[in-house]
Amino acid sequence: EDMTGIKVKYGVPGNVSSCHTAIVGKYVLEGHVPVQAINKLLSERPNVRGIAVPGMPMGSPGMESFENERYDVVSFKDGQTKKFMTFTGVMAH
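In my numbering, the protein residues as written are 4 to 96.
If you're looking for bench data, these hints aren't it; they were derived computationally from the structure. Only a predicted model underlies this, so the values are computations on that prediction, with no experimental measurement involved. Please note that a few of the clues may not be correct.
Stated by the list, open to error - As a list, the in silico BS3-like pairs of lysine-lysine whose alpha-carbon atoms are at most 27 Å apart:
| id | residue 1 | residue 2 |
| --- | --- | --- |
| 1 | Lys29 | Lys80 |
| 2 | Lys29 | Lys43 |
| 3 | Lys86 | Lys12 |
| 4 | Lys10 | Lys85 |
| 5 | Lys29 | Lys12 |
| 6 | Lys43 | Lys12 |
| 7 | Lys29 | Lys85 |
| 8 | Lys10 | Lys29 |
| 9 | Lys80 | Lys10 |
| 10 | Lys29 | Lys86 |
| 11 | Lys80 | Lys12 |
| 12 | Lys43 | Lys86 |
| 13 | Lys80 | Lys43 |
| 14 | Lys86 | Lys10 |
| 15 | Lys85 | Lys12 |
| 16 | Lys43 | Lys10 |
| 17 | Lys43 | Lys85 |
Please construct the entire structure, taking both the sequences and the accompanying hints into account.
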């Protein structure tokens, strides 16, 4: 119920905060993160708090559209963000 409290507890920076938050092992997933980025995170195990897709880009998982938006997945740690991967959105059929 207290999503803001959860985001604060797990160190999600305000500039990447989104509508969905998940905890997977020691990592936080924020927003509409593609499975390919999650797989990379779990296989490489970088020293980050988590990964996020800021906003709700059209074409990201769950946001399929007739628009094909390019968007970044960013990693975050201690309030700092860094590009992790870039995707081109999925078109709706």
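Going down the list of hints, with the structure as the test:
1. Lys29 / Lys80: Since the Cα atoms of lysine 29 and lysine 80 sit roughly 12 Å apart, the hinted pair holds (cutoff 27 Å).
2. Lys29 / Lys43: Status holds; Cα separation ~14 Å.
3. Lys86 / Lys12: holds (23 Å)
4. Lys10 / Lys85: The hint holds at about 18 Å.
5. Lys29 / Lys12: holds (13 Å)
6. Lys43 / Lys12: With a Cα-Cα distance of about 24 Å, the restraint between lysine 43 and lysine 12 holds, given a limit of 27 Å.
7. Lys29 / Lys85: holds (18 Å)
8. Lys10 / Lys29: holds (14 Å)
9. Lys80 / Lys10: holds (13 Å)
10. Lys29 / Lys86: holds (19 Å)
11. Lys80 / Lys12: holds (13 Å)
12. Lys43 / Lys86: Between lysine 43 and lysine 86 the Cα gap is close to 13 Å, so the pair holds against 27 Å.
13. Lys80 / Lys43: holds (17 Å)
14. Lys86 / Lys10: holds (20 Å)
15. Lys85 / Lys12: Status holds; Cα separation ~20 Å.
16. Lys43 / Lys10: With Cα atoms ~22 Å apart, lysine 43 and lysine 10 stay inside 27 Å; holds.
17. Lys43 / Lys85: Cα-Cα ~15 Å, so holds.
Comparing the model with each numbered hint stated earlier shows that all of them hold.
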